[in-house]
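Novice: Here is what each chain is made of, one letter per residue.
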Amino acid sequence: MLMSTNAERNTTTWQRHREARDSRLEAGARLARGKIVEARDVTRLLEAVIRPGDRVCLEGDNQKQADLLSHALLAVDLSKVNDLHMVQSGVVLPEHLDLFDRGVAKKLDYAYSGPQSARIARMLFGGKIELGAVHTYLELFARYFIDLTPHVALIAAVSADREGNLYTGPNTEDTPTVVEATAFKDGVVIAQVNEIVDEVPRVDIPADRVHFIVKADKPFFVEPLFTRDPAAITEGQILTAMLAIKGIYAPYGVRRLNHGIGFSTAAIELLLPTFGERLGLKGKIATHFALNPHPALIPAIESGWVQQIHSFGSEVGMDEYIRARSDVYFTGPDGSLRSNRAFCQTAGLYACDMFIGSTLQIDLQGNSSTVTTSRIAGFGGAPNMGADARGRRHPSEPWLKAGGEADPDSPALLRRGRKLVVQIGETFGDKNVPLFVEKLDAIELAEKLSLELAPIMIYGDDVTHIVTEEGVANLLLCRNAGEREQAIRGVAGYTEVGRRRDRNMVERLRQRGVIRRPEDLDINPLDADRSMLAARSIKDLVRWSGGLYAPPSKFRNW
Amino acid sequence: MEDLSFQHRARGRAGGSRQNAIVGVVASGNLEVLVERTLPDAECRLEIKTAAVGFGEVWTAVIGDFVERYSPGGLRFSINDGGARPDTVSLRLAQAVRLIEEDGR
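Those sequence lines, one after another, are chains A and B.
For the first sequence, our numbering gives the first residue as 1, with consecutive numbering after it.
For the second sequence, our numbering gives the first residue as 1, with consecutive numbering after it.
Okay, chain A solo, but in the shape it has when bound (with noise of 0.2 angstroms):
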């Protein structure tokens, strides 16, 4: 009698957001033939299985957009479908926003916007989206399996097969994630498809956990981000790169690491082969990256300097490189990359030495942020790369050297190591903005919005060096907070932050080694030459690459 009763319990109380899926299901299937689903069809079947109020993931990843399914979100009924808890990394396209103008959507957990930044501060200002918080990536990822579980996931891939398992591409992403999540736990993933295919190349996502299939009438949209053409680099980012070669990643024999995307790291990308080769450091740094493929590293890659390379996502115009390259890339069964943001960031927060990245701002203390008091571009990634990782635990020479450096007192078998965090940029930004102020933007957004926390890039405490054309500022070796901002004002050059340093303390921090400048490391300032530069046009990495790199078409100046 009382297991009768417990059983009874068990399936009308424990499954009761299966017995909702199903029920989605079955309101979708009427739409569908299988699983495949007309396009025209679509804004009804998303009425029929999203719920007012329900957490939905409309698949904007860093790059690739479910373009075709944001349109027919936008579309539905708002009497069937309203208030929705948009979570999802990227808010990337226009329609991201318009749902929140609409009413479809109220409330938004996300971790980058990109180009949207600026529409999307004037939103949060005009009460339009009621924010939950901006994350870095795998903060949200992270948020999926606890809090934030999406019951509706809406998805791109390059193509499925009639039972519905999905090939996504080389611009795989974030997509594993979140059908992981989605799937699992009692929620509806609908995906759009490029193609419908008798066979998929390869399978990323097994048909089980994919309910609806649409294909749409053209490819889903992909941004190329990381496309930095070498005929935008200047002198003073030549000159940086070079500091930051021969001050950083030689002394501490930097080989495991991540670079951001600003024009900088695609210097030092092209350095390798020619200003890093004529040092002797082929081998020793730079040999393994937690990366998207970036065309600037093709020269490096051609001139045998990079062994292995794992990627968050994709690059437009990289797909035949990398598959001829597979030595170096993370590729299928078919051959074409598998990229992966969710593992990607766990590498390069755990398995990667260095970080090196450029920032918008940064304060006396070192923090830095990208947020300006009219643009919120989020967090992405970079906090996640840009941070120590308490919990590593494996040794490595640049890890235990920093560690040193921070605290030479530790006996050193208790000692933690650091990660190397490294800020670069020009003292001056775009239209002669400082890079180096009193008080980040970030801050007065805060108090502007009631912000419980400032949207910092990477706290100061994280950053272990900053490199400008004016030196390298070794965080690790200041003792105390006035050197810190010493050490920042000493190479904050000409901006305010710059003249206002004490020049006494700034030069007795350069005795230390604390602060080196160009001439300090023997680099000689005509070196800082354009000719210097492995390839000076995109034009070069096409012709280094063979011919197998195939830039779009907005980077074909030649």
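No wet-lab data here; the hints were simulated from the structure.
Fair warning: there could be bad hints in the mix.
[Unchecked claim] Between beta-carbon pairs, the in silico distance windows are:
id : chain 1 : residue 1 : chain 2 : residue 2 : range
1  : A       : D98       : B       : E68       : 55 to 61 angstroms
2  : A       : G283      : B       : D41       : 45 to 51 angstroms
3  : B       : Q7        : A       : G253      : 42 to 48 angstroms
4  : B       : R45       : A       : A412      : 41 to 47 angstroms
5  : B       : M1        : A       : N524      : 29 to 35 angstroms
6  : B       : E57       : A       : K539      : 26 to 32 angstroms
7  : B       : S5        : A       : D461      : 42 to 48 angstroms
8  : B       : Q7        : A       : R415      : 52 to 58 angstroms
9  : B       : D41       : A       : D430      : 41 to 47 angstroms
10 : B       : E68       : A       : E444      : 33 to 39 angstroms
11 : B       : D41       : A       : N504      : 23 to 29 angstroms
12 : A       : Q307      : B       : M1        : 35 to 41 angstroms
13 : B       : D41       : A       : R508      : 26 to 32 angstroms
14 : B       : Q7        : A       : R499      : 20 to 26 angstroms
[As the list claims (entries may be wrong)] If we take Cβ atoms under 7 angstroms as the criterion, some of the chain B residues that face chain A in the derived model are:
id : residue
15 : L4
16 : A94
17 : R98
Predicted, not measured: the structure shown is a model, and the values here were computed from it.
Glycine included, each C-beta is placed from N, C-alpha and C at the ideal position.
The hints should help you fit chain B onto chain A, whose structure is shown.
Specialist: For chain B alone, kept in the frame of chain A given last:
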């Protein structure tokens, strides 16, 4: 346009034997520096024609640091500036000294 002129004492004579050198180009955001070895060993002079008006204080700071770091004694610099940023000015001045200190020609 604005004309600026600076006269400094240098710690010592700039190295090398070359009599003159030129680096850079006059273009927006760039500058051209002509350097000539025409002054007594402890003197240094810089004459600037700049397209950007009102930056005298920044020029003073950039040139003060430059003279201290590179000790360009005996050199006279003629600068045509197209509104370059201070970091570009610093780089060109450093390049000019380095070039005149190189041997040959």
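Novice: Determine whether the Cβ-Cβ distance between E57 of chain B and K539 of chain A falls within the hinted range of 26 to 32 angstroms.
Specialist: About 43 angstroms separates the Cβ atoms of E57 of chain B and K539 of chain A, which means 26 to 32 angstroms is violated.
Novice: May I ask you to test the hint 23 to 29 angstroms on the CB atoms belonging to D41 of chain B and N504 of chain A?
Specialist: holds, 28 angstroms
Novice: Do the beta carbons of Q7 of chain B and G253 of chain A sit within 42 to 48 angstroms of each other?
Specialist: This hint holds: roughly 47 angstroms between Cβ atoms.
Novice: Note whether the CB distance of G283 of chain A and D41 of chain B lies within 45 to 51 angstroms or breaks it.
Specialist: Check passed, 47 angstroms falls within 45 to 51 angstroms.
Novice: Does the Cβ-Cβ separation between Q7 of chain B and R415 of chain A fall within 52 to 58 angstroms?
Specialist: holds, 53 angstroms
Novice: Using the Cβ atoms, figure out if E68 of chain B sits within 33 to 39 angstroms of E444 of chain A.
Specialist: holds, 36 angstroms
Novice: Within 26 to 32 angstroms: is that where the Cβ-Cβ distance between D41 of chain B and R508 of chain A falls?
Specialist: holds, 30 angstroms
Novice: If I claimed the Cβ atoms of R45 of chain B and A412 of chain A lie 41 to 47 angstroms apart, would that claim hold in this structure?
Specialist: violated, 55 angstroms
Novice: Does the interface hint hold: is L4 of chain B within less than 7 angstroms of chain A, judged Cβ to Cβ?
Specialist: Since the shortest Cβ distance to chain A is 15 angstroms, the answer is violated.
Novice: Hey, does the R98 of chain B contact hint survive, CB to chain A under 7 angstroms?
Specialist: holds, 5 angstroms
Novice: Range hint 29 to 35 angstroms: satisfied by the CB atoms of M1 of chain B and N524 of chain A?
Specialist: holds, 33 angstroms
Novice: Can the suggested window of 55 to 61 angstroms be confirmed for the beta-carbon pair D98 of chain A and E68 of chain B?
Specialist: Check passed, 57 angstroms falls within 55 to 61 angstroms.
Of the hints listed earlier, those the structure fails to meet are numbers 4, 6, 12, 15, in rising order.
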